[in-house]
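Peer 1: Residues per chain, in single letters:
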Amino acid sequence: MTAIQSGLLDQAIIDDRRARIVPKLQAILSSDQLKVTQEDLAPFETDGLAPYRRMPMVVALPTDKAQVIAIMKACQSEDIPVVTRGAGTGLSGGAMPHEGGVLLSMTKMNAIQNIDPDARIITVQPGIRNAAVTQAVAPYGLYYAPDPSSQIACSIGGNIAENSGGVHCLKYGLTVHNVLQATVITIDGGELTLGGESLDAPGLDLMAALIGSEGMLGVVVEAKLKLLPIPQVTKVVSAAFDDLGTAGRAVGDIIAAGIIPAGLEMMDKLSLQAAENFLNAGYPTWAEALLLCEVDGTAEEVQEHIEDVTQVLKTAGAVEVKVARDDAERELFWKGRKSAFPAVGQISPDYYCMDGTIPRGELPEVLQKISDMQDKYGLQCANVFHAGDGNLHPLIMFDGNDPVQAEKAQQYGSEILTTCVEHGGTITGEHGVGVEKINEMCVQFPGEELTQFHALKRAFDAKELMNPGKAIPTLNRCAEFGHMHVHHGEMPHPELERF
Amino acid sequence: MQTSIVQKYANTPQGQQADAILRKCVHCGFCTATCPTYQLLGDELDSPRGRIYLIKQMLEGAEVTEKTRNHLDRCLTCRSCETTCPSGVEYGKLVDIGRDLVEKEVPRGFVERLTRQALISVLPNRPVFNALLKLGQTFKPVVPGALGKKIPPKRAKTPWPAPRHTRRMLVLDACAQPGATPNVNASAARVLDRLGISLVTAPEAGCCGAVAYHLNDQAGGLDAMRANIDAWWPEIEKGCEAIVITASGCGVMVKEYGHLLAGDAAYAKKARRIAELCKDMTEVFAAESLEQLNLSAQEQKVAFHAPCTLQHGQKIVGVAERYLREAGFELTMVADSHLCCGSAGTYSITQPELSQSLLKNKVEALEAGRPDVIATANIGCHLHIETGAQTPVKHWIELIDDVCGA
Chain A
1 MTAIQSGLLD QAIIDDRRAR IVPKLQAILS SDQLKVTQED LAPFETDGLA PYRRMPMVVA
61 LPTDKAQVIA IMKACQSEDI PVVTRGAGTG LSGGAMPHEG GVLLSMTKMN AIQNIDPDAR
121 IITVQPGIRN AAVTQAVAPY GLYYAPDPSS QIACSIGGNI AENSGGVHCL KYGLTVHNVL
181 QATVITIDGG ELTLGGESLD APGLDLMAAL IGSEGMLGVV VEAKLKLLPI PQVTKVVSAA
241 FDDLGTAGRA VGDIIAAGII PAGLEMMDKL SLQAAENFLN AGYPTWAEAL LLCEVDGTAE
301 EVQEHIEDVT QVLKTAGAVE VKVARDDAER ELFWKGRKSA FPAVGQISPD YYCMDGTIPR
361 GELPEVLQKI SDMQDKYGLQ CANVFHAGDG NLHPLIMFDG NDPVQAEKAQ QYGSEILTTC
421 VEHGGTITGE HGVGVEKINE MCVQFPGEEL TQFHALKRAF DAKELMNPGK AIPTLNRCAE
481 FGHMHVHHGE MPHPELERF
Chain B
1001 MQTSIVQKYA NTPQGQQADA ILRKCVHCGF CTATCPTYQL LGDELDSPRG RIYLIKQMLE
1061 GAEVTEKTRN HLDRCLTCRS CETTCPSGVE YGKLVDIGRD LVEKEVPRGF VERLTRQALI
1121 SVLPNRPVFN ALLKLGQTFK PVVPGALGKK IPPKRAKTPW PAPRHTRRML VLDACAQPGA
1181 TPNVNASAAR VLDRLGISLV TAPEAGCCGA VAYHLNDQAG GLDAMRANID AWWPEIEKGC
1241 EAIVITASGC GVMVKEYGHL LAGDAAYAKK ARRIAELCKD MTEVFAAESL EQLNLSAQEQ
1301 KVAFHAPCTL QHGQKIVGVA ERYLREAGFE LTMVADSHLC CGSAGTYSIT QPELSQSLLK
1361 NKVEALEAGR PDVIATANIG CHLHIETGAQ TPVKHWIELI DDVCGA
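Line by line, the protein sequences are chains A and B.
Positions 1 to 499 (our numbering) are the ones given, in order, by the first sequence.
Positions 1001 to 1406 (our numbering) are the ones given, in order, by the second sequence.
Isolated chain B, as found in the complex:
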């Protein structure tokens, strides 16, 4: 597509990157077909192509208002459009740039800034989040309406095997997951233990950086990334094989460390190494022989929800489903499996209406095949779907852990 970037942006790294991405777009409109917000709203401005145009205008010096900011805010960053785009437009990177620039052009009001700052402070902060979570779970019966529904149920912690193998892998055990779904990483640790791998945590590691980065606190996000690199590095120097991520939302971020910290001389090289070592749980399985797990599921029907960060972000498609099938589970058909559930990081809080519409559609699609359990691969989707579904929700590795034979 033809562009004419104004001087103000033309010589900045952001402007140049955005221009290169824009030039790949041929305005064919294929992306609109798989965009969740466009499916709901039917407005070009709430489609990837419309947002690309809004960003292009801003870079070409046109006046922008809070309208552009709102349309960019409504994007889930699910990157379904990237999977659909035949021209290879890196929409996710473009929208990050667009959000940063529009926020500078059109600053947010006080209340909105406060809400977003609160999310950035609380969600990635494990002690604060866990304290609030416990408080919420205690008072859940008396917390009214939508807020009450959002509080995940209490789950008892299950044992984590002591490290005994020479093969070691790190696991990101940060922010919301250890408190809300503590069994996910414990299940991963038990399954990997059977495969001869000890899964260890680095207590100093925290949020992957996604919460702050996608709320456009890009500096805060980068700080979180550097802190994690520092926390993981001693274990990596000791020969740890991989950094395992059981939440695909965090995985897609950690895999971007190399790209995002490329300009930081002190961290660029380490960040690249971390990104290479980062593996989704499905990718860890790919290199191992699973026969020793003696998997034997019996007549259980599973509806799999593929998180956007897994299928569009990391381009891992149909892999967890294959392992579940191999373990003996029956997978039900799920319509529109490419569409987002509406969780999308903090989206369920910043855009509640759209998020709830997407959730309703997603739960209907997942429960249509009358599954016994819904499986997924990301903490955000997990907790969000749980608020709308009648069917129990689990991480797929928990299901595998359940059916490991003697």
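Isolated chain A, as found in the complex:
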């Protein structure tokens, strides 16, 4: 799990491609918008999943739609792959560059084009930070609901590519539920406007296909986002448990009580300690698990739900239950939760952040299995995750300078994802497949689905130049991976050669 060096294009091919594309890009972009030397390229070789690295051939930083169109046309005519990169905070290597391709960094296109407070719609360029959207509309009493933990830095374009969720997606949905319209440039330079300002749009719902397509269909150059009014009252309950499984069961109890919290999150002992070191938020570091449950709405509604939640948590076995005393403390609780991943950087030089989902009822058993795997692989694993929607984020800690540990971390991660699927879950909740989970896609989709995914991709991008090798494995790759499940004695795709 170090820089990817096998299966790469020959240097001669890369040099030839670079020689062909650079003059064309120079005609489109100024010198500070184009990176071509090793020194400038290396900082782009990885995103938020640092163990996966690959040197891009060229980096282009367009400033407007016309430049994006011109770059796409140039790449299409020269048969050169394009990998689109947002803020580079992704956790599945979705924006890992292609050694023979152009990395399209969208960070210079970060403007707000329009705010319509009456219609509750904001029009933005893709490079804007998620948190900057909410900051910009706060004076109108509005906010943008999807709030991935990296929201301070991650971009709306990247959120669309990965269908990002966040703490509040339990109640308010993922990115797919909060984007109204997107303007997309396809590899041939064509411009598509998908979706619309009304709730339903005629024709095929290609927006739903675009969101979460990990940069394989086109490049988003503009998006209209749905804004929500800031709830009148928001409160958060924090419940400390002395047992991880008990906390897992409490999650199911809350939902079963008919309450849909605005957010329902769990942190285990290790992640609590890391977050506490960073923030001094007053987390109970003695606890084996902490549940944070947020409730929003009108004052009466919130009051009633807070009482109900508190009762449910106590009955479920929480040792200590408290309500954040004010908004400042509530924000501090969430800041710690949202910073917990990188805060683990204080305890471990590297970590490998997983992202799988399971049905809520399976939480206690799966958490126990993940915990037991620590001994098997000799590595520690912290858990901090969206408990309400069963979206796990185990953080496997390792030292990247030790190749044995790095390899074990990857095996550990793979076993966690396989376990999720075995328990009726999926291999990604919100981080996308990228390059990291591409093999596990074979476990997730043993049937005809992959064939249809490829067909849809080719309808947009016949030459398969957009973010090649990510998100959807080829059938050959699955055959090699050996994870094709034998179902009722029939091997899927018997026509493929097995290795």
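These are calculated hints, taken from the structure and not from any lab test.
Remember, it's a predicted structure, so these values are computed and weren't measured experimentally.
We treat Cβ as the ideally placed atom computed from N, Cα and C, and that holds for glycine.
Hints are not guaranteed to be accurate.
[What the hints assert, rightly or not] Among the chain A residues that face chain B by a calculated CB cut under 8 Å, a handful are:
#1 V22
#2 Q26
#3 A42
#4 G48
#5 T89
#6 T107
#7 G127
#8 A153
#9 P342
#10 G345
#11 Y351
[Claimed, not checked] In the DSBU-like style, the derived pairs of lysine-lysine whose C-alpha atoms are separated by at most 30 Å in a straight line are:
#12 K1315/B <-> K322/A
#13 K108/A <-> K1024/B
#14 K1024/B <-> K376/A
#15 K1360/B <-> K108/A
#16 K408/A <-> K1067/B
#17 K1360/B <-> K65/A
#18 K1360/B <-> K24/A
#19 K65/A <-> K1067/B
#20 K269/A <-> K1067/B
#21 K269/A <-> K1315/B
#22 K1315/B <-> K335/A
#23 K1093/B <-> K108/A
Let chain A serve as the given structure and place chain B on it in line with the hints.
Peer 2: Relative to chain A, chain B alone:
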């Protein structure tokens, strides 16, 4: 983050320190969100994470050119990224190391060296700076354009109470401040006098060392630090309680004396003691009872600019604002208060374009709430904001001094 430092650096103290810092970074990218230059330029290489990577490459033996040097030069060293970083990456220390190494790998051209040397010679040199300042103020009406704007207005000196208390504190009264804003320390002296503390200066003390150190004349910076230690020591031996700093840019440097001189056997112990005694004006207030000041401000709206060296460097957040509120001032909302104003030591001179963009944004944010006065806590920000704002700028201790009751 995985590293593989080349032999050349692996066994040096700088290389080892840099490696330890790099290993803490997990490449999450949170730091990019609060980096002023990344906000303006949108280029990974002008973000903390990009610069960390550039430094990592250099330490891993990759070829470096003036491009790496330029991206490191563009960093304001505001350390906003450190406040944001959940992994505890000490970016400020890393970039100092990176700048030193890249300058050796890629030496600067003659003109650039000359400019930087001139800044190192003039700014920290009180007589030369004051002479130039007086000259500039005299001819300000006829000095054209940007340069004319940079010359701060003349300010009359106000009285400094004679030392009469047994409680004494030293104040750093060096380089630009006594000439450009002489009332700041005089105000501090008057307020502390009311609190029963005499504020005294050590005439031999000079620049804190920051100007030279951050222009990568690290040896020159360390010499300035040693000179200050020598200048302050007799007063400290006499029982002086603290070294008060009214410019947070100097404060953050003096607090680092212990760390920076740790390898100097003759000065290490004294440097540590100095660093412990160093207090920002807000920290002096924290230990005193302010009721005796009878503060009573009337309907004055203040926009507070928190200097990076105060909020990110010294991690003092919201404290001066609290004292102003307690004194009766109304504080206006200031958007993006975590971002740098573009002053950043000598940055306004070495990187004028970026500095002016940041200044424009900062002044807009500060003046949005229509304040009567802008308050801050650092000489650099003070003079820089003054060049772009319509609203008068003062040090917050001057405002407190103005409203002390009988």
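Peer 1: Mind listing which of the numbered hints don't hold for this structure, in increasing order?
Peer 2: Numbers 1, 2, 16, 18, 20 - these are the hints that the structure violates, sorted from lowest upward.
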